[in-house]
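Enquirer: Chains as they are written, first to last, in the working numbering: chain E, 1 to 243; chain P, 1 to 429.
Derived from the structure by calculation, the hints contain no laboratory data.
What you are looking at is a predicted structure, and each value in this text was computed from that prediction instead of being measured.
Just to be clear, a hint being listed does not mean it is correct.
[Said to hold, decoys possible] Result set (DSS-like, lysine-lysine): computed pairs, CA atoms no more than 30 Å apart in a straight line: (1) Lys27(E) with Lys178(P); (2) Lys147(E) with Lys173(P); (3) Lys63(E) with Lys260(P); (4) Lys79(E) with Lys131(P); (5) Lys28(E) with Lys178(P); (6) Lys307(P) with Lys131(P).
[Said to hold, decoys possible] If you want the footprint, here are the derived chain E segments under chain P, 3+ residues with CB under 8 Å: (7) 53-66; (8) 91-97.
[Stated by the list, open to error] FRET-style restraints, in silico, Cβ to Cβ: (9) Leu80(P) with Asp21(E): 26 to 34 Å; (10) Glu257(P) with Phe129(E): 28 to 36 Å; (11) Asp21(E) with Pro121(P): 46 to 54 Å; (12) Leu119(P) with Thr138(E): 52 to 60 Å; (13) Ala74(E) with Ile129(P): 51 to 59 Å; (14) Ile283(P) with Arg164(E): 13 to 21 Å; (15) Arg408(P) with Asn50(E): 26 to 34 Å; (16) Lys145(E) with Thr339(P): 52 to 60 Å; (17) Asn50(E) with Pro121(P): 45 to 53 Å.
Beta carbons are placed, not taken as given, at the ideal position from N, Cα and C, and that holds for glycine.
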Amino acid sequence: MDRIFGICLALLMVVPLSAQDGNDILKKLDRNLSPESFESYRKLINIEPNGRRKEFVLFTVKKGADKVAALFLAPDSEKGRSTLRLDENMWLYIPNVGRPIRVTSMQSVVGGVFNNADILRLDYAEEYFVEKTEDLETEWLLHTKAKTNSVAYDHLRIWVDKDRILPKKIECMTEAFMLIKTIHFKEVKDFGGGIVRPSVMETDSPLHEGYKSVMIFASIAGRELKDEVFTLTFMPNMETLRK
Amino acid sequence: MKYLTCFLLIGSLFIRPANAQEDYSFDLSEIEKKAFQFGGYLEARPVFSLLDRESRFYSLIYYDSEQKKKAMECNFKALLDLSYERGIAKAQIRLNADLNHSHSDWSQDFDLYEGYLSLKPSLHFHIDIGKKRLKWGKGYAWNPVAFIDNPKNPFDPDLALEGFTVISADYIKSFSGKLRTLTLTGILIPVFKDVNSQLGRHNTLNYGGKVYSLLFDTDIDLMFLTGPGISSRYGIDFSRNITSNIEIHGEGAYRTEYSKRVVDDESALDQKKRDGCSYLLGIRYLTKSNTTFFLEYYRNGRGYTQKEMEDYYSLIDSGYDMYLMSGIEDELDLASSFTGFRTFSPAINYLFLRILQKEPFNIVYFNPSLTSICNLGDGSFSLVPELLYTPVTDLELRARAMFLVGNRGTEFGEKQNNFRLELRIRYYF
Numbered sequence: 001m002d003r004i005f006g007i008c009l010a011l012l013m014v015v016p017l018s019a020q021d022g023n024d025i026l027k028k029l030d031r032n033l034s035p036e037s038f039e040s041y042r043k044l045i046n047i048e049p050n051g052r053r054k055e056f057v058l059f060t061v062k063k064g065a066d067k068v069a070a071l072f073l074a075p076d077s078e079k080g081r082s083t084l085r086l087d088e089n090m091w092l093y094i095p096n097v098g099r100p101i102r103v104t105s106m107q108s109v110v111g112g113v114f115n116n117a118d119i120l121r122l123d124y125a126e127e128y129f130v131e132k133t134e135d136l137e138t139e140w141l142l143h144t145k146a147k148t149n150s151v152a153y154d155h156l157r158i159w160v161d162k163d164r165i166l167p168k169k170i171e172c173m174t175e176a177f178m179l180i181k182t183i184h185f186k187e188v189k190d191f192g193g194g195i196v197r198p199s200v201m202e203t204d205s206p207l208h209e210g211y212k213s214v215m216i217f218a219s220i221a222g223r224e225l226k227d228e229v230f231t232l233t234f235m236p237n238m239e240t241l242r243k
Numbered sequence: 001m002k003y004l005t006c007f008l009l010i011g012s013l014f015i016r017p018a019n020a021q022e023d024y025s026f027d028l029s030e031i032e033k034k035a036f037q038f039g040g041y042l043e044a045r046p047v048f049s050l051l052d053r054e055s056r057f058y059s060l061i062y063y064d065s066e067q068k069k070k071a072m073e074c075n076f077k078a079l080l081d082l083s084y085e086r087g088i089a090k091a092q093i094r095l096n097a098d099l100n101h102s103h104s105d106w107s108q109d110f111d112l113y114e115g116y117l118s119l120k121p122s123l124h125f126h127i128d129i130g131k132k133r134l135k136w137g138k139g140y141a142w143n144p145v146a147f148i149d150n151p152k153n154p155f156d157p158d159l160a161l162e163g164f165t166v167i168s169a170d171y172i173k174s175f176s177g178k179l180r181t182l183t184l185t186g187i188l189i190p191v192f193k194d195v196n197s198q199l200g201r202h203n204t205l206n207y208g209g210k211v212y213s214l215l216f217d218t219d220i221d222l223m224f225l226t227g228p229g230i231s232s233r234y235g236i237d238f239s240r241n242i243t244s245n246i247e248i249h250g251e252g253a254y255r256t257e258y259s260k261r262v263v264d265d266e267s268a269l270d271q272k273k274r275d276g277c278s279y280l281l282g283i284r285y286l287t288k289s290n291t292t293f294f295l296e297y298y299r300n301g302r303g304y305t306q307k308e309m310e311d312y313y314s315l316i317d318s319g320y321d322m323y324l325m326s327g328i329e330d331e332l333d334l335a336s337s338f339t340g341f342r343t344f345s346p347a348i349n350y351l352f353l354r355i356l357q358k359e360p361f362n363i364v365y366f367n368p369s370l371t372s373i374c375n376l377g378d379g380s381f382s383l384v385p386e387l388l389y390t391p392v393t394d395l396e397l398r399a400r401a402m403f404l405v406g407n408r409g410t411e412f413g414e415k416q417n418n419f420r421l422e423l424r425i426r427y428y429f
C-alpha cells in the first residue's frame, strides 16, 4: 500500500500542475511583488558595453488592475516628464511639448532595453494567462500567453521561487517564441508593510548584445489614490502627489 | 568654422570618461521634494545657409542689402523654468533669452514665455491664472484646433513658444465603463493693447471651452473659442492606439468670418471675410526594427490658392522693379505686411512624412531621422535629414540639413535660401 502511495506521489510530482493552479500562482506572485495600489521610487540604469551609464529616477503610482503613472525626477533633461497607462492606453507628457501625446507599449521613452510596457507594467495576471506549469525542484516554471495582441510580449516564461512565490527570472518572447529580453530578479529586500520582494531587476536582450538595463526599487508602499490622478489633465501635476 | 570649433570644444567639456563599475545604490535623499525648483537648458545653434538670390523672398528681405550666397549665423538660447509650490498653490515661470548673430549684426530678445498661478483645491478641480500655453490638438506637425496658441514650426514642433494671458479652470471626473474620463475646461481671454493684442479687438473679453473624454479607448476633444472682435472657432480632435505599434489621430476646425488678406489684380490689398474648414489626419507606425513612420495630411482652409500665391509673387516682382528704378519701397513694404504668406504653411494642401530610426547599429541614444513636407498644390517640398545624439546625460547634440526643392513660383522654390545646415548643442540643467 505504501509502495502504491509512493508511486502515486511520484507521479504527481512529475505531472505538470494545471493551468488553473498556474494562474493562482501568477496572481499570488503579483500580490507579493506589490499591493494593488501603491507608490514607489525606482531608478533605471542603462549600461552600455563600455560601462557608460545613464540613470533615470521615477516616482510611480498604481491603482487597481489597469491604472499606472510615473513621473521622471532625474536626469535634468527628463525631469517633469510623466507617463500614464490606462489599460492599453498610454500617454507621455513632456513639459516642453506641453500636452500629453499617445505612445504605444512597444516604444521606449528611456532608450536602451526597457520599453514603455516594462516601465508602466500592469499585473502579470492582468495581461497573461498560464498555459502550462512545470514543477521543478525549487521553482515553478509558468508558460504564459498574452490575453490580447495589444501587449508588448506574446509569451512570458516565468521561473517562480516556490518558497517566497516571487519571480527569479522572466523570459519575454515573440509570438514565434523568439527571445526579446530576459529579466533577472535579485536582492530580495523587506520594504516594510509586509512587502518583501526583489529590489533589483537586471534586464538583458539578445537584440542589444552587451547592453544591460537595471531597475532598482528604493521604496514601495501601499497608498490609496483617487481615479482622477490617472487622467491626462492631471499628468502635468503629478509632482503634487509626492510628499 | 571658428564657431564650430568653439562649440565642439564646449561640448567636449561635458563628456566624461566611461565608468565600468557596477553601482546599484539608490538613496531616497537623492530625490527629496523641494518647494522651489528650477531647471531649463542652454543652447548654441550655428547655422550655415546657401541663399537663393533669384528667389522672391530674397528680393523681399534683402532688396536693399545684397548678401553673399553663403551666410553664417549663430544663435544662443537660455530657457529657464522656475516653480514654487505651497499647499494647493503653485507658481510657475518660464523665461526665454535669445542672442543672435547674423549679417554682422547682433540681436537679442528676452521674454516671459509663461508665468501663472495654479490653484488645486481638489483632485477634481483646478484653476490657472496668468500667461500660459494652451496646446490643443493631436497633430504632430500642425494643429488646426490650437485656437489659443502661436503657430508652431512643423520642423521643430516641440520648440517652446510664448503663451497667452488667460484664466482657465478644469473639472476632471473619472468613471468606470466605456467612458473612462471626462474633463471640462473653461477659458477667459482678456484682450487689451498690451495683453493678447493679436487675439481680437482691444478691451474685450473672449471666451472658450473644451470637453475632453476618453471614450471607447479613444481620446476625443470638442472645443470652441469666440468673443467680440474675433471669428468664432469650433473644433474636434481624436487619437487612438489601434495596436501596440500603431496610433491614428485627426483634427477638424471650422472658423466663421475670418479675415484673409490677398493681393487683388491691381496689386492692392484686399481683405476678404469668409468661413473656412481646416483638418488633419495622421498615423504613427512603429515597425519591429524600431523605425517610426509619422504621416500627416493637412488641409489648411485659411491657406492661399496657387493663384493667390502667384499674385503675391507678382507684387514682390513689381515692388522690387519699382525699388530698382526709383528707390521707392512702398510696394515692398506692402508685400512685407502680408504676414500670411510668410507663415510656416501658407498654402492649402500639405503632406508631412517623418521616418525616425531609434538607436540603429546598437548605438543607444542615437536617433537619425528624415523629415519631408510637401506642398501638394505646387509639388515643391523640403527634405530634412537629422542626427540626434545624447552622448552623455543632459547633453543633446542635433545636426540637421534642410534642402528646399521647387521650381520658380512654388512655395519652397521661392524661399530665401535653398539649403541650411545647423548644429544644435543643448545642455539641460
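Enquirer: Each hint needs a verdict: does it hold in this structure or not?
Expert: Consistency of the hints with the structure:
1. Lys27(E) with Lys178(P): Given pair Lys27(E), Lys178(P) holds - Cα atoms ~26 Å apart, limit 30 Å.
2. Lys147(E) with Lys173(P): holds, 29 Å
3. Lys63(E) with Lys260(P): Given pair Lys63(E), Lys260(P) is violated - Cα atoms ~51 Å apart, limit 30 Å.
4. Lys79(E) with Lys131(P): holds, 22 Å
5. Lys28(E) with Lys178(P): holds, 29 Å
6. Lys307(P) with Lys131(P): Status violated; Cα separation ~39 Å.
7. 53-66: holds (count 5)
8. 91-97: With 4 residues closer than 8 Å to chain P, the stretch 91-97 of chain E meets the three-residue bar; holds.
9. Leu80(P) with Asp21(E): 26 to 34 Å: This hint is violated: roughly 58 Å between Cβ atoms.
10. Glu257(P) with Phe129(E): 28 to 36 Å: violated, 58 Å
11. Asp21(E) with Pro121(P): 46 to 54 Å: holds, 50 Å
12. Leu119(P) with Thr138(E): 52 to 60 Å: Taking Cβ atoms as reference, Leu119(P) and Thr138(E) lie about 56 Å apart, which means the hint holds.
13. Ala74(E) with Ile129(P): 51 to 59 Å: Given a distance of about 30 Å, which is not inside 51 to 59 Å, the answer is violated.
14. Ile283(P) with Arg164(E): 13 to 21 Å: For Arg164(E) against Ile283(P), whose Cβ atoms are near 46 Å apart, the range 13 to 21 Å is violated.
15. Arg408(P) with Asn50(E): 26 to 34 Å: violated, 52 Å
16. Lys145(E) with Thr339(P): 52 to 60 Å: holds, 58 Å
17. Asn50(E) with Pro121(P): 45 to 53 Å: holds, 51 Å
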